[in-house]
Amino acid sequence: MNLFDLQPDEWQALLLTLKVAAVALAVSLPVAVLVAYLLARTRFPGHGLVNALVHLPLVLPPVVTGYVLLLMFGRKGPVGAFLSDTFGISFAFSWTGAALAAGVMAFPLIVRPIRLSFEAVDPKLEEAAKSLGARRIVAFFTVTLPLALPGILGGAILGFAKAMGEFGATITFVSNIPGETRTLALALYTATQTPSGDLAAFRLTLIAAFVAFAALIASELLARHLRSRLGGADA
Amino acid sequence: MNLFDLQPDEWQALLLTLKVAAVALAVSLPVAVLVAYLLARTRFPGHGLVNALVHLPLVLPPVVTGYVLLLMFGRKGPVGAFLSDTFGISFAFSWTGAALAAGVMAFPLIVRPIRLSFEAVDPKLEEAAKSLGARRIVAFFTVTLPLALPGILGGAILGFAKAMGEFGATITFVSNIPGETRTLALALYTATQTPSGDLAAFRLTLIAAFVAFAALIASELLARHLRSRLGGADA
Amino acid sequence: ELTVFAAASMREAMERIASEFESETGMRVVFSFAGTGTLARQVEAGAPADLFISADSDWMDYVAENGGVEPASVRQIASNKLVLAGPKESPALGLNAAEIAGFLDGQRLAMADPDTVPAGRYGKAALENLGLWQSVSGQLAPMENVRVALASVARGDTPLGLVYRTDAQIEPNVAILATFPDTSHPEIRYLAAVTEVSSNPAADPFLEFLTGPDAQEILQSLGFVTDKVE
Amino acid sequence: MLDVDIAGTVGSLEFQARFASEGGVTSLFGQSGSGKTTLTNMIAGLLVPQTGRISLDGTVLFDAAQGVNLPVQERRIGHVFQDARLFPHLSVRSNLTYARWAGRRKGDRDLDEVVDLLGLSTLLERKPGRLSGGEKQRVAIGRALLSDPRLLIMDEPLASLDQARRNDILPYLDRLCGEAGIPILYVSHSIEEVARLSDTLVILSDGRTPAYGPVAEMLTRTDLGRATGRHEAGALIHGKVTGMDAAWGLTLVDIGGAVLQIPDLPAETGDTVRLRIRARDVALALEPPKGLSIRNAFEASITSISEETGPYAEILCVLNDQTIRARITRASVADLDLAAGKNVTVLIKSVAIDRRQRSLV
Amino acid sequence: MLDVDIAGTVGSLEFQARFASEGGVTSLFGQSGSGKTTLTNMIAGLLVPQTGRISLDGTVLFDAAQGVNLPVQERRIGHVFQDARLFPHLSVRSNLTYARWAGRRKGDRDLDEVVDLLGLSTLLERKPGRLSGGEKQRVAIGRALLSDPRLLIMDEPLASLDQARRNDILPYLDRLCGEAGIPILYVSHSIEEVARLSDTLVILSDGRTPAYGPVAEMLTRTDLGRATGRHEAGALIHGKVTGMDAAWGLTLVDIGGAVLQIPDLPAETGDTVRLRIRARDVALALEPPKGLSIRNAFEASITSISEETGPYAEILCVLNDQTIRARITRASVADLDLAAGKNVTVLIKSVAIDRRQRSLV
Ligand SMILES: Nc1ncnc2c1ncn2[C@@H]1O[C@H](COP(=O)(O)OP(=O)(O)OP(=O)(O)O)[C@@H](O)[C@H]1O
Ligand SMILES: Nc1ncnc2c1ncn2[C@@H]1O[C@H](COP(=O)(O)OP(=O)(O)OP(=O)(O)O)[C@@H](O)[C@H]1O
Ligand SMILES: [Mg+2]
Ligand SMILES: [Mg+2]
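Protein chains in written order, with the numbering used here: chain A, 1 to 235; chain B, 1001 to 1235; chain C, 2001 to 2230; chain D, 3001 to 3361; chain E, 4001 to 4361.
No lab work stands behind these hints: they were computed from the structure. Because the structure is a prediction, the values reported are computed rather than measured. Glycine residues also receive a C-beta, built at the ideal position from the N, C-alpha and C atoms. No incorrect hints appear here.
DSS-like, lysine-lysine: derived pairs with alpha carbons at most 25 Å apart:
# : chain 1 : residue 1 : chain 2 : residue 2
1 : D       : 3290      : E       : 4342
2 : E       : 4290      : D       : 3342
3 : A       : 124       : D       : 3106
4 : A       : 124       : B       : 1124
5 : C       : 2088      : B       : 1076
6 : E       : 4290      : E       : 4342
7 : D       : 3290      : D       : 3342
8 : E       : 4290      : D       : 3290
Estimated spans, in silico, between C-beta atoms of each pair:
#  : chain 1 : residue 1 : chain 2 : residue 2 : range
9  : B       : 1090      : C       : 2221      : 38 to 46 Å
10 : A       : 48        : B       : 1090      : 39 to 47 Å
11 : B       : 1226      : E       : 4104      : 23 to 31 Å
Over 12 Å on every C-beta distance to chain B, these chain E residues come out as not near it, computed from the model:
#  : residue
12 : 4011
13 : 4110
14 : 4190
15 : 4245
16 : 4267
17 : 4322
Work out the full structure: start from the sequences and follow the hints.
Encoded structure:
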């Protein structure tokens, strides 16, 4: 068995992992940007509570988060039942559920760097935008957001990496179903469950590391590009 | 059983968790600051490799990281054997090992926000410091580091939360020994693994959430203080 | 296509049985392996599983009571033995405090977590029953599952592990140093049942197949005890 | 037009400002730290005063009593900030046109025209981080000019520009104000610029506005010496262009009772012009001198002589009802035996009244 | 003292600069975007030229051929940046003393003295974010002054300061240079400042240094009109204080062949002084006039008359070997029938030569 020849089930797990991580990121990133902006630039009642909720998945063991998701979004859970009855959307034991778990677990990691970046954008530039007639939302999209891009990228890469490696919440929430929810991390776990699985586990580790490495390189290149767009200096 | 009366074993787990998270943070934060600075401000051969290594614990399932730690720092592992022979330090099955696992897992989360903050410090201010006679290291400690404090705080709070909640690597590396390595996360997991453990799990969740909440509030206050020290505006 | 939620420790056996079943009936079986507790809660939550295979009777009772599986369909498919595993070429060990303490020599005894993993609960019961709990409980290394405990012994991080016979048998780097008498612990029962949500016509045949001669032979070859199967 | 009467506390500054201006250029003049930027920020809506009222052209921008506080983006005030505040991620071109594509301000001012005026044509694709100090400031000016403002606030916009560039920009601002009718609120340390450009002068001192009024009046007030800077004291006189001397490039301006010859004045016969004549450029003689290169000499009578401490004396002379201010040594006052009521010949070098010293009214 | 001969490319600018100065104040003068900041950054070590050599006081700071490139922190150059670059997290006091506690620069200049000079005493505990524009700039000046520099680079340091404050700071820089012997490299757009302060003037234009030399010489060069700004053209003359007229507050300065009366000159009998006399302040007469408030009149002979286009003529006169420059209308040249070689009476108002126009040598 050649080390660099992926088996069909490895391919499956790899593609599934990329799909899950990508969808998790795609869905949670906009929400994270919004939450980060609210946390950074506004004071509202419940500010502290939102902040704490965002961080909760980090503090709790993933199994608990997965269990909470199961209780909420499971077939019989209040949210799950509602979504399934109203929109026909079901997260239970499907890759969408894996993406949900990955997204929730990655959320705090995405929010924090973005929030820091928003806080670092000089409000004077937003004032300048407003004095030129831009409404708050326009100023946000034309000034604040572009200037916070390095942080958004940083948050995204942390979140993507986390989503790729998420294990505990995923296996608890959507179980370990091949082709549906068995991502690389879960396949790796499965491999370790038999004595003969060491080689398979090693191969899977390499695959995961390789993908992560590729994603990081891409993000570094993008970050460098972003920085050079700023002309290497502040105005 | 009163909900707010902690049981002795809950107390034990809580204190252990705080100890483990605090030590993990105390040890990894300085290293993270150094690594973040190198990644942000220098180009050296192996830059990409270091960056990838830092993120690896995030991408791999925690169990794998725990397993690697076991291979390296276990009694028979190369580093573990060396440390134990030379300094009599052993990480195996002790709370120090839990701190090591928590530190390693939290590391990427700490590095990223700090790195972003370093990148956001205007190099022109460092130039100004040098023109006033400050050597690079002095400029770092008097200008760059203080200006990156919000990011360092942000990284620290992410890292602390992660260290508090770390589960997979810890249980794999140092097992789940009450009083020694059974942190809140492991105790919580333990509770969920028995059919009758729901109430205990709920209590532990509350405790963990409460501690995290307290830590977040503290960090927010500190961050606000930092920002107000800057007079609310850039120079 | 049949979906089976099975305890992770059964992986090797289940995959072999499934391929046998597939070649006989043409029905594909898909497994989700995880800890018994995890799976039990999922089955309770209405997971799209047809069969649930538990490594623990308490969890199966729990699921049956909470309407996860059809209580009438629960059946035992195998049982197991507990052993003490040590490095290869170690001498056999007597199940008494002195010998065990001597062998451990201050190091830890790896076993599945008595608080979370069925294997750990059985192990604890056995140790208590033999009057050994007092002396070793301070020296335990409770692991997330049996495989991790066994690997720890195989690597030499711990000199001794209390594990299932099935696991110890396949691991080439360890030897079985002692076997616990069946009477020292509650019977280690592997139970299978059809879930409430299953409407798959192949569920019953597979359940049947598990207790059939082909499956039992496979289980036996992997070290499971099959003589008590109904 | 612009009516301001506000008060509040900003940091350590007790702020209280009151002035009104009738359009044209209103200059804010005061020492560093006197509150000029604070005042402009309040008018722009970036800072909120505690009490008072600001109205522009009949629109109430702020009224504490009525709870009105128009948001910045609805005030339509073009703001050239003291620090340029360019958008570092946008090219110079996108910075200049920001108000159009992000602020939905149309405006009919031509981008090319502004780019030419400010000499930015080779810089359009650059990011602000790669501009020099003066270039940044010019982009900031252009950005505000192109935002179709109802009022233009300029906080020391020309501080780091060279004289040649200032000489290009100032007449443009003049035109903007005159032709397009956009009032300008101008912050400057240079009394030359202020005199050259302003219609109304507002003095700021320690967060207060001790005086404001038409610039001609303000510049002849001797009690404001400290604020306006004695060296730069002078007077504004009005005149009417009566003809040209094309051969020598001189324009003849009738100031009522005398005709001045002024080089290089871009005005037509019939125009009314405003000339600022600095006290230090005016000499006095007992009788019209002969064989002198100074071309403008006319008789006027001394209305007052204020002998300050030090070697200087300030003399106000009146010709018809125009006031001229002269600054000579006390020694000369004594030598020539000058006194109030006496008639003297006022001498003004033609070249002293140059392009920077006058403005079309 | 400071020897610069460097070349390189920065962004779109082809850079090539060569000049030498013998200490004192060296001014860099040029339009916005001409490369002044770039040049100062190269001297400070913040930008590295491709080729060439920079030496200061015998120490080689940079030499491409020898591979020498002294790091910024070892050059001991106090730098007042065009953008203030204050440390936003430090109080004004900590900013001012940064070089002492972080740069291990001792220096014997007194903090209080600098704080007083710059009027910062009430601001010491503030953070830079709460300062006005001019206040920031003053802190930046103070910080550089207190860094015990071997050379002081000041990039448009007074751009946003009012006249009164400038008048306080300029003499201090003078003293710094004269008494403490610290050379200053001064970037400015104001020819007044440059003339007032400089010993050497370096003209920068499009990244090149077309001319440099002693300031007196440079200011009388008519070929540099565009660079120095015609309006501000003038000449420097040297003189010796021969006495005081205490009653009238006038100082008598012998310029060799004539004695000028100058108000308010802070000099002692016996001092040598340098006076800048702007061409526009000089009038010419055919014979010594009577009854005129202009006190300084002396005979000189015309060496050249350059009639430019437009209404003006530039006339150089010489008295002994001092050159005086006058600017009058072409009309007057014709009226008075002036020509090279002719003797005329030069008239200079005493008040025109005021405190801003002269410097102790
Ligand atoms: N955020 C702030 N907090 C506290 N004090 C402030 C703040 N901003 C400005 N000040 C103070 O208010 C006063 C007025 O500041 P302002 O910026 O309006 O001055 P300015 O007239 O524009 O001065 P400059 O000509 O130097 O720009 C100054 O003394 C300044 O120190
Ligand atoms: N980082 C950069 N990249 C590209 N071009 C630059 C960069 N910095 C400056 N320039 C260009 O180099 C030229 C010289 O810039 P420099 O800052 O030295 O000008 P300056 O003489 O100081 O002008 P000012 O008086 O406006 O401050 C300018 O045309 C500027 O646009
Ligand atoms: Mg200001
Ligand atoms: Mg510059």
